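*Asks:* Construct the entire structure; sequences and hints are all you get.
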Amino acid sequence: MMQNIVPMDPRRIQLAVCWIALMLMYLLGDVLRLYEKGQAAAYIDGKPMTQTHLMMAAIMMLIPILMALTMVFLPQGFAKWAGIISAIILFIINIFGVAGYSGLFDRMLIVLSLVLNVFTIVWTWLW
Numbered sequence: 064m065m066q067n068i069v070p071m072d073p074r075r076i077q078l079a080v081c082w083i084a085l086m087l088m089y090l091l092g093d094v095l096r097l098y099e100k101g102q103a104a105a106y107i108d109g110k111p112m113t114q115t116h117l118m119m120a121a122i123m124m125l126i127p128i129l130m131a132l133t134m135v136f137l138p139q140g141f142a143k144w145a146g147i148i149s150a151i152i153l154f155i156i157n158i159f160g161v162a163g164y165s166g167l168f169d170r171m172l173i174v175l176s177l178v179l180n181v182f183t184i185v186w187t188w189l190w
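The numbering of the sequence shown is our numbering, which starts it at 64 and goes up by one.
Source of the hints: derived by calculation from the structure; they are not laboratory data. Each hint should be verified, as a subset may be incorrect.
Pair by pair, the computed Cβ-Cβ distance ranges are [as the list claims (entries may be wrong)]:
{"#": "1", "residue 1": "I68", "residue 2": "L125", "range": "34 to 42 Å"}
{"#": "2", "residue 1": "Q77", "residue 2": "Q114", "range": "18 to 26 Å"}
{"#": "3", "residue 1": "W190", "residue 2": "K110", "range": "36 to 44 Å"}
{"#": "4", "residue 1": "L91", "residue 2": "P111", "range": "22 to 30 Å"}
{"#": "5", "residue 1": "F141", "residue 2": "P73", "range": "31 to 39 Å"}
{"#": "6", "residue 1": "M112", "residue 2": "I155", "range": "15 to 23 Å"}
{"#": "7", "residue 1": "L95", "residue 2": "W144", "range": "28 to 36 Å"}
{"#": "8", "residue 1": "D72", "residue 2": "A103", "range": "42 to 50 Å"}
In silico SDA-like cross-links for lysine to any residue, where the CA-CA straight-line distance does not exceed 20 Å [as the list claims (entries may be wrong)]:
{"#": "9", "residue 1": "K143", "residue 2": "I68"}
{"#": "10", "residue 1": "K143", "residue 2": "L125"}
{"#": "11", "residue 1": "K143", "residue 2": "L189"}
Being a predicted model, the structure only gives us computed values, none of them experimental. Virtual Cβ for every residue (Gly too), placed ideally from N, Cα, C.
*Replies:* Below you can see the structure in the form of structure tokens.
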């Protein structure tokens, strides 16, 4: 019989789901932005997105995915601090980007993601 790598408690699963939900919110915003702006979504301040822009977008999307895996598979001490630090970083990045979103759906999603970041920070801290 295979042993668990780390003990699986409900909080680990709840936090992993929070990270998955955050990633899905980011993805939903990106998809809706493509529908709204079409080809214009590939431009930032009137200039085509560079490889650096695309790499940064990929990293932003990878953080919640990697954090969901971290919450389930890595030791609690590491997962706890990685989760708090990652949520704070994403919160700061997104709070500075709020003004750049013109669509109502974008603003709603960014506010919800900020709330989810705060919830994730608190919920992880209390773990």
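*Asks:* Determine for every hint whether it applies to the structure shown.
*Replies:* Against the structure, the hints:
Evaluation of the 34 to 42 Å hint for I68 and L125 yields a failure: the beta carbon distance comes to about 21 Å. The hinted range of 18 to 26 Å is not satisfied by Q77 and Q114, whose Cβ atoms lie roughly 36 Å apart. One distance hint, 36 to 44 Å for the beta-carbon pair W190 and K110, holds here, with the actual separation near 43 Å. Between L91 and P111 the beta carbon distance is about 24 Å. The supplied range of 22 to 30 Å therefore holds.
The hinted window of 31 to 39 Å between F141 and P73 is violated, with their beta carbons roughly 19 Å apart. Between M112 and I155, the C-beta spacing of about 22 Å keeps the proposed range 15 to 23 Å intact. Checked against the given bound of 28 to 36 Å, the beta carbons of L95 and W144, roughly 33 Å apart, stay inside it. Range check, D72 to A103: about 46 Å between beta-carbon atoms, so the 42 to 50 Å window is met.
Using a Cα cut-off of 20 Å, the hinted pair K143 and I68 holds, with the two alpha carbons roughly 16 Å apart. Between K143 and L125 the CA atoms are separated by roughly 18 Å; this keeps the pair inside 20 Å, and the hint holds. Annotation: proposed proximity of K143 to L189 holds, straight-line Cα distance about 9 Å (limit 20 Å).
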